[in-house]
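Asks: Letter by letter, the chains look like this.
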Amino acid sequence: DTGVSQDPRHKITKRGQNVTFRCDPISEHNRLYWYRQTLGQGPEFLTYFQNEAQLEKSRLLSDRFSAERPKGSFSTLEIQRTEQGDSAMYLCASSLVGDNQNIQYFGAGTRLSVL
Amino acid sequence: LAKTTQPISMDSYEGQEVNITCSHNNIATNDYITWYQQFPSQGPRFIIQGYKTKVTNEVASLFIPADRKSSTLSLPRVSLSDTAVYYCLVALGLHDMRFGAGTRLTVKP
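First to last, the sequence lines map onto chains A and B. Each residue of the first sequence is one higher than the one before, starting from 1 at the first, in this note's numbering. Each residue of the second sequence is one higher than the one before, starting from 116 at the first, in this note's numbering.
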């Protein structure tokens, strides 16, 4: 257990529905990241926060995706109007600013299946 | 960001030492080399990180030659539970860590 919690672990939804995932980082970590991983591939970066500020978004993050970290603690990732191509594992990671080596600690992920 | 190249897969037997080499020809002066391990249905787990020469922890050793254009992760006396995907990353504290496809290590009895 790395200390990064993700909820739910699994989500099955129908195409067109909205889904929201939650990530609780390691408490003293002020950076939080979201990744997406499909079968047989490495994780792909989506976005990251430093405290409550969203500082970078990948081109992979379409308009249907939105992430928040309102109080600089937990974060949510929402996908609107889900598509079958959104089926993947969504991973959250956290790290500590000042650790310029950027060791990120990952949660177990949320596996999304869009039917 | 420096691109990394590592073997797609490797096989080994229990009790053997496994060495996985990663090439990163375009590594920048301030980049660190980091290795992660990932089991199915879990997030990647940090194994080891280094800048130059050799780093050792309770899990693995990391060998980095003087030119830093490659690195080798060494797993001593592997067991079946070491079967996993191993990722090599090169970055200077950058937010968007670029994972490749990794090396799928299979340890056989």
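It is worth saying that the hints were derived from the structure and are not from the lab. Be careful, since some hints might not be right.
As the list claims (entries may be wrong) - Residues from chain A that face chain B, not an exhaustive set, calculated with beta carbons under 7 Å:
{"no.": "1", "residue": "Gly16"}
{"no.": "2", "residue": "Pro43"}
{"no.": "3", "residue": "Gly85"}
{"no.": "4", "residue": "Ala88"}
{"no.": "5", "residue": "Leu91"}
{"no.": "6", "residue": "Ile103"}
{"no.": "7", "residue": "Gly109"}
What the hints assert, rightly or not - Covered stretches of chain B, going by a simulated chain A footprint (3 or more residues, C-beta under 8 Å):
{"no.": "8", "region": "156-166"}
{"no.": "9", "region": "213-222"}
Even glycine gets a Cβ: it sits at the ideal position worked out from N, Cα and C.
Asks: Confirm or reject each hint.
Replies: Quick rundown of the hints versus the structure:
| no. | hint | in the structure |
| --- | --- | --- |
| 1 | Gly16 | 26 Å, violated |
| 2 | Pro43 | 5 Å, holds |
| 3 | Gly85 | 19 Å, violated |
| 4 | Ala88 | 13 Å, violated |
| 5 | Leu91 | 5 Å, holds |
| 6 | Ile103 | 5 Å, holds |
| 7 | Gly109 | 5 Å, holds |
| 8 | 156-166 | holds (count 7) |
| 9 | 213-222 | holds (count 5) |
Consistency with the previously given hints fails for numbers 1, 3, 4, ordered from lowest to highest.
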